[in-house]
Amino acid sequence: NAGVTQTPKFQVLKTGQSMTLQCAQDMNHEYMSWYRQDPGMGLRLIHYSVGAGITDQGEVPNGYNVSRSTTEDFPLRLLSAAPSQTSVYFCASSYSSAGASYEQYFGPGTRLTVT
Amino acid sequence: GENVEQHPSTLSVQEGDSAVIKCTYSDSASNYFPWYKQELGKRPQLIIDIRSNVGEKKDQRIAVTLNKTAKHFSLHITETQPEDSAVYFCAASGSGGSNYKLTFGKGTLLTVNP
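Chains as they are written, first to last, in my numbering: chain Y, 1 to 115; chain L, 1 to 114.
If you are wondering where the hints come from, they were derived from the structure by calculation, not from laboratory data. Only a predicted model underlies this, so the values are computations on that prediction, with no experimental measurement involved. We treat Cβ as the ideally placed atom computed from N, Cα and C, and that holds for glycine. Careful: at least some of the hints might be erroneous.
To be verified - Label-pair distances were calculated between CB atoms; the ranges are:
| id | chain 1 | residue 1 | chain 2 | residue 2 | range |
| --- | --- | --- | --- | --- | --- |
| 1 | Y | L79 | L | P82 | 23 to 31 Å |
| 2 | Y | G16 | L | K57 | 20 to 28 Å |
| 3 | Y | G53 | L | R51 | 41 to 49 Å |
| 4 | L | Q81 | Y | D73 | 34 to 42 Å |
| 5 | Y | G16 | L | K68 | 27 to 35 Å |
| 6 | L | G55 | Y | S97 | 19 to 27 Å |
| 7 | L | Q81 | Y | R111 | 24 to 32 Å |
| 8 | L | E56 | Y | L79 | 40 to 48 Å |
What the hints assert, rightly or not - Straight line, CA to CA, 25 Å or less: simulated BS3-like cross-link-like pairs of lysine-lysine:
| id | chain 1 | residue 1 | chain 2 | residue 2 |
| --- | --- | --- | --- | --- |
| 9 | L | K42 | L | K71 |
| 10 | L | K22 | L | K37 |
| 11 | Y | K9 | L | K106 |
| 12 | L | K37 | Y | K9 |
| 13 | Y | K9 | L | K42 |
| 14 | L | K68 | L | K42 |
Make a model of the complete structure from these sequences and hints.
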């Protein structure tokens, strides 16, 4: 199993550009999520999905869109990049059953710089 | 929503000493409390977790305790080693209909000095 994979590893964008961060998992996990990590701020939830076709907002959703057309993939779209979106982005997935939480497996991260 | 506070933000210990990191949470409905370790430039990885029906859990040199009444939980690392140096995050989830959403603390940078 590859686990959770993310592409690209690094990206530099200019203000106003758009892009999609890719995330895929091969563990058949229903739950997937996106976090951003900024120095001193921990991991903050951007968007999450409890299954194909179902997404919801997390703590910091503004400026980001998601969709979940398959169980495996959960892309994160930046519509018009801003310097405040400079961060490290982690995708995570977990097993889910009967409403109980389980270990979240993280991808390797994407380091995004917006100039 | 859930709020998780973590202390201290930095912790420096001598090799062989114990380290304790504490977290408090706000939502009494939370029922799952994982701890993640993140080495520099790497992804967070689960080191131990505990559910609300358990008061303590141990795994070799690592233990977690949970006090549901006080809404706090702690990570204990005994006989620390230089390879324990990393950032540690606590988290909480299990509130209402969003059982899988994790709310993280801001992290503790642990440095173990040889």
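The hints, checked one at a time:
1. Y:L79 <-> L:P82: 23 to 31 Å: 44 Å, violated
2. Y:G16 <-> L:K57: 20 to 28 Å: 49 Å, violated
3. Y:G53 <-> L:R51: 41 to 49 Å: Given a distance of about 29 Å, which is not inside 41 to 49 Å, the answer is violated.
4. L:Q81 <-> Y:D73: 34 to 42 Å: 39 Å, holds
5. Y:G16 <-> L:K68: 27 to 35 Å: 48 Å, violated
6. L:G55 <-> Y:S97: 19 to 27 Å: 23 Å, holds
7. L:Q81 <-> Y:R111: 24 to 32 Å: 29 Å, holds
8. L:E56 <-> Y:L79: 40 to 48 Å: 46 Å, holds
9. L:K42 <-> L:K71: 30 Å, violated
10. L:K22 <-> L:K37: Judged against 25 Å, a Cα distance of about 14 Å means the pair holds.
11. Y:K9 <-> L:K106: Since the Cα atoms of K9 of chain Y and K106 of chain L sit roughly 23 Å apart, the hinted pair holds (cutoff 25 Å).
12. L:K37 <-> Y:K9: Holds, at about 20 Å.
13. Y:K9 <-> L:K42: 12 Å, holds
14. L:K68 <-> L:K42: 32 Å, violated
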